[in-house]
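A.B. asks: Given the coordinates of chain A, assemble chain B onto it according to the supplied hints.
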Amino acid sequence: MSLRNAGKFLLLTLGCLAVFASAGVHAQSEFQGVGEVRYESGVFNSKPTEADRTQALHEAKLSAWRSYTATFNTARSTSYSASATKFEEQLDTFISDVTVLDEMIDEESSVIRVAVRIAVNTGMVDAAFNELAQAGQTSSQAAGPASMLSFVFVAREVESIRDFDERRTVVEKKDSKASQTDQMADSGGTVSGSTSSSSISSSTTGGSTLTKADEIAYDVSSASDIDSAVGQVFAGNGFEVIPYVDVFGFCGGASLDAIRSEFAESDTLTAGTRTAAIKAASSCDVELFAMGTLDVGLQQDEVDPATGNRRVFVSVRGQIWDIGRGLPRQVASVGPVQYAGLGPDRQVAKRNALIEAAEDAGRVLVDQLNAKGIR
Amino acid sequence: MFFAGTAIIGASQGQSERYPHVSELLELEDERGASLVDTLLVERLRATETGHNFQFGELADYRDGDGVVLALAIDWENVSTTDIDGNTKYVVDVHGQVLAFDYSTMKVVGAFPIGVQVRDARKGGPSHDHARALARRALIGEDDFGLLASFVEMLKQVELKPAYSNRIQVTTAELSPETVSVVAELGLDADAFSARVGQTMSKYLASNQAVPVLPFKKGTVIGNQMAAQFTNGDVYQLEIPNPDYTVSFTVDRLRKLELDRTSSQIAYLYGLYATARVSQPLLEKDYANHQFKYAVSSTVPVGIRPDDPAAFEELVLSSINSFTQQISDPQREWVDKWGVTDGIQNAFLEIDDVLAKCR
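In the order they appear, the protein sequences are chains A and B. In terms of our numbering, the first sequence opens at residue 6 and continues consecutively. In terms of our numbering, the second sequence opens at residue 139 and continues consecutively.
A hint or two may mislead.
Stated by the list, open to error - Covered stretches of chain A, as calculated for chain B (at least 3 residues, CB under 8 Å):
hint	region
1	35-48
2	261-271
3	307-320
Note that these hints are calculated values from the structure, not bench results. Just so you know, even glycine gets a beta-carbon here, dropped at the ideal spot from N, CA and C.
Looking at chain A on its own, in the form it has when it is part of the complex (with noise of 0.2 Å):
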């Protein structure tokens, strides 16, 4: 997975800059560090020298920029380790600004110690891990053009809720027992006698609960800003998405509206379902095939104490499977995460949710793909 030669790596990430572009990503981040050198002072100068200063300025960046690189999720984390060297070799092609804060000269130790903030081209970051996917393709892509991808999201908000009553059953044993004692004694020549007789009886209770889990139904809708915010990040990551609508158009398998009233009363889909959606994909060389829900929180009044706005959550949950060969493999999933939208109407933040977490879920799969080195 690791990039033959740095030259390389710059030109594959320069060409992909385009891609970038066009998608109008230009997100930045910020972060500041402090680099520290330790300079060797002469007789008569103890002050430390350009090529001091240069060096401290670079060990200020890298540590800034570790600062950024701590913060990926654990597929990019495994993806950057294999390559961080090649990353801050070329520090300066992710880096779209240095702002140097302040130096500080401590002349008895001979250490210099530079500040800086450095805002960070997440855009080219993106794109370096997607052209260090491509370079270290395994699985079942060829090294070649990037792989089709085709996907089924779909947004579920709960319609009815059928809650069952608990269903107790009681057992109850009854047991009895009677004794009787009977005593004798002899006083001088008189005997007397008594009787005395008991019984016992005791019984024991039990039984069983029967909780039958709520029948949730939902109403199933697959959103075009699902599809856009989905697929843009897909698409955005150097994947040829298809729509699923050509994939039945063209191959056949489950409709979508068969995928959806499936969806609307079960969390997965029948095997008959998937099996035949999977197989279409493949018959129409898509090689990576992702599947998907959103669902939406129950509706409740959720106010955001700090804006004032209405607050919708939406739960997420979706796998991608490495169709190209043989049986479908799961080569990434998401999920369940739950994020939170904020609009002024419970619509506005409902479709902010399902907008975000759409989008997140995208990039957490294209991370955990490009771990993997599939592209």
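C.D. replies: Chain B in isolation, oriented as in the chain A frame:
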């Protein structure tokens, strides 16, 4: 640069308790049904040569772009009433920021704190209506007085940029344990008092040195986020970037002495010791960490109780104003008279260098 109007800073929950007068004043409408405060502010901006080109138009305009948006962000309202010999003394504060933020990233680009205080005294007990009238005077004001006038005045002094290379923020405003006791004896709330110190430090740093100062963190800022609720109902969660340089201000001591007495009046001296520190937190480098003193006098007729809380508040405001004025042009007389620790003159020059990076 787009002008987005007026906003209240802080969580929506409890807003009417924190801004009882301002929140209602912002609901006043002009004859077109628009916010009266916004309309009056726009009129002032149009009538004044601020040196900046603003786009007013519809709010939708700035949503489509990725430009910098300017707003009047109100972040503090305080009304205090004190009974003095059957009269009620009112002190009304309304503070805010000339706030510039990047609409595409929702990040604060620069902030210039402003604030107005109105004092009044009336016979009888506290009156809600009179407090409202004073709050209106503090916010809307007239002629050159009021927060709207301060907003325009600040714009005339400062350079608005799409981005500033460095950022400074007042991060700490503290009272020493001894000062907390004095403040409590005065019947003042120590937390509110220290918040006012931080607010005032930010305000005078910005106005006396024409430098953007990131909003002072207090109750209205949670973490690095602050909610801004505009008069049209829009609410944005704005991110305050980390400061590159920090300012902390500690009130070390407050003292009151009888200075002079005649048959008709008594003169009191109100004094303080305070420490100002300007640092680069990553390097743990101090550009200034110096103590200074300051004093103001107040004369009252014999038989009249001096208004100590007001005198001490005035002292703190005056001392910070005076200290921040020295930064760009330190005067030998000031240093000799008020400087406590050695090297304060050089410290002013160091602070000035830091501020130059932030303009």
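A.B. asks: Confirm or reject each hint.
C.D. replies: For each hint, the structure was consulted:
no., hint, in the structure
1, 35-48, "holds (count 4)"
2, 261-271, "violated (count 0)"
3, 307-320, "holds (count 7)"
Checked against the numbered hints given earlier, the structure breaks only hint 2 and satisfies all the rest.
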